[in-house]
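Given chain A's structure and the hints, the job is docking chain B onto it.
This is what each chain is made of:
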Amino acid sequence: MTSVEQQLDDLLLKQLELYDEYRVLHEKVCASMKRGFLNMSKARYSLGSTVMSPTSFDMRMKATKKFILNDQNELEPFVEENKANNSPQQTLRNRKRSENSGAEEPAPITKENPPVDPLYWFGGLPSMSLRNSQKEFQSVLDALTDLANISRRMTETEQLYNSLQNKVSTA
Amino acid sequence: ARALKAKPALLTAIIGDEDTITGLLLGGAGNVDGKHSNFLLVRNETPVPEIRERFEEFTSKRTDIGILVINQHIANMIRGDLDDYNKMIPTILEIPSKDHPYNPAKDFIMNKVAKITGQSFD
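If you read the protein sequences in the order shown, they are chains A and B.
When we follow full-length UniProt numbering, the leftmost residue of the first sequence carries the number 1, and every step to the right adds one.
When we follow full-length UniProt numbering, the leftmost residue of the second sequence carries the number 1, and every step to the right adds one.
Careful, some of the hints might be misleading.
[Claimed, not checked] The list that follows gives simulated cross-link-like pairs (lysine-lysine, BS3-like), each with its CA atoms no further than 25 Å apart:
hint, chain 1, residue 1, chain 2, residue 2
1, A, K34, B, K98
2, B, K115, A, K167
3, A, K167, A, K62
4, A, K62, B, K35
5, A, K14, B, K115
6, B, K35, A, K135
7, B, K7, A, K62
8, A, K42, A, K135
9, A, K167, B, K87
10, A, K167, A, K34
11, B, K87, B, K61
12, A, K28, B, K106
13, B, K106, B, K87
14, B, K7, A, K28
15, A, K62, B, K61
16, B, K87, A, K14
17, B, K106, A, K14
18, B, K106, A, K34
19, B, K115, A, K42
20, A, K14, A, K135
[As the list claims (entries may be wrong)] Computed far set for chain A versus chain B, every beta-carbon distance over 10 Å:
hint, residue
21, Q7
22, R23
23, K42
24, S53
25, P54
26, Q72
27, G124
28, S127
29, E158
30, S163
31, S169
[What the hints assert, rightly or not] Computed list of chain B residues with no C-beta within reach of chain A, every gap over 12 Å:
hint, residue
32, R43
33, E53
34, E56
35, N76
36, M77
37, I78
38, R79
39, G80
These are calculated hints, taken from the structure and not from any lab test.
Glycine is no exception: its CB is placed at the ideal position from the N, C-alpha and C atoms.
For reference, chain A alone in the conformation it holds in the complex:
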């Protein structure tokens, strides 16, 4: 067997391994989404479907889940260092804690100073179901970065395979 044909076989195996990796991670994502939807349904049941709907979205929203392309050409999570990350969570419970610790009191939730966290789009006291739903979808978004990296590696493998195959056919 020539070395080019061996390389083609290796690339085929690599592609199948990558796809296997993709499927395993994708199944985890699907399971997270299922739990997220279930918790969302529970939250919607208690809040009402008119409250928990796109009409409640804050259309000044800014994404907190972002990523960058690193030097290895792979996507990785991006953390923005700003005051918002360091400021205490704007909840009623943490307002009392911050008073006791002597930290700056968080700004009250008013119309002029709306909360940034989407958890508060649907009301000032989010239920445990809504919080759990948010956690599940946050983990989905984190996993999407890894899924995207596997997909990109599969695209690269496919392109390499095609170029090698063209070499074999023209030789």
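Below, chain B alone, put in the same frame as chain A:
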């Protein structure tokens, strides 16, 4: 995760139904800059040309999208556009919706395997 760097931060664009959009926005993916949002809420009455137009916008016109997430049942409506897609950025990922389970055989990533193995997974 890394701190602020010179490289621009990329967003996740979403083309999905109401539950998917609500969930992923709850997770922190949503971004609105003036009139430009990084998501399209697809309802029963949303015309397919509008879906294709937003797909084109997210994949070709905008430079701040790194990943495009799309419900598989919506992806099936623009399957031709997905099959022709060959860019690295943004990367397209198909996901299930609450009411439509995921079919791995329909995922366009299967093309990457099928083209090499020479098999059809329909």
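*For this structure, which hints from the list above don't hold up?*
3, 6, 10, 14, 19, 20, 22, 24, 25, 29, 32
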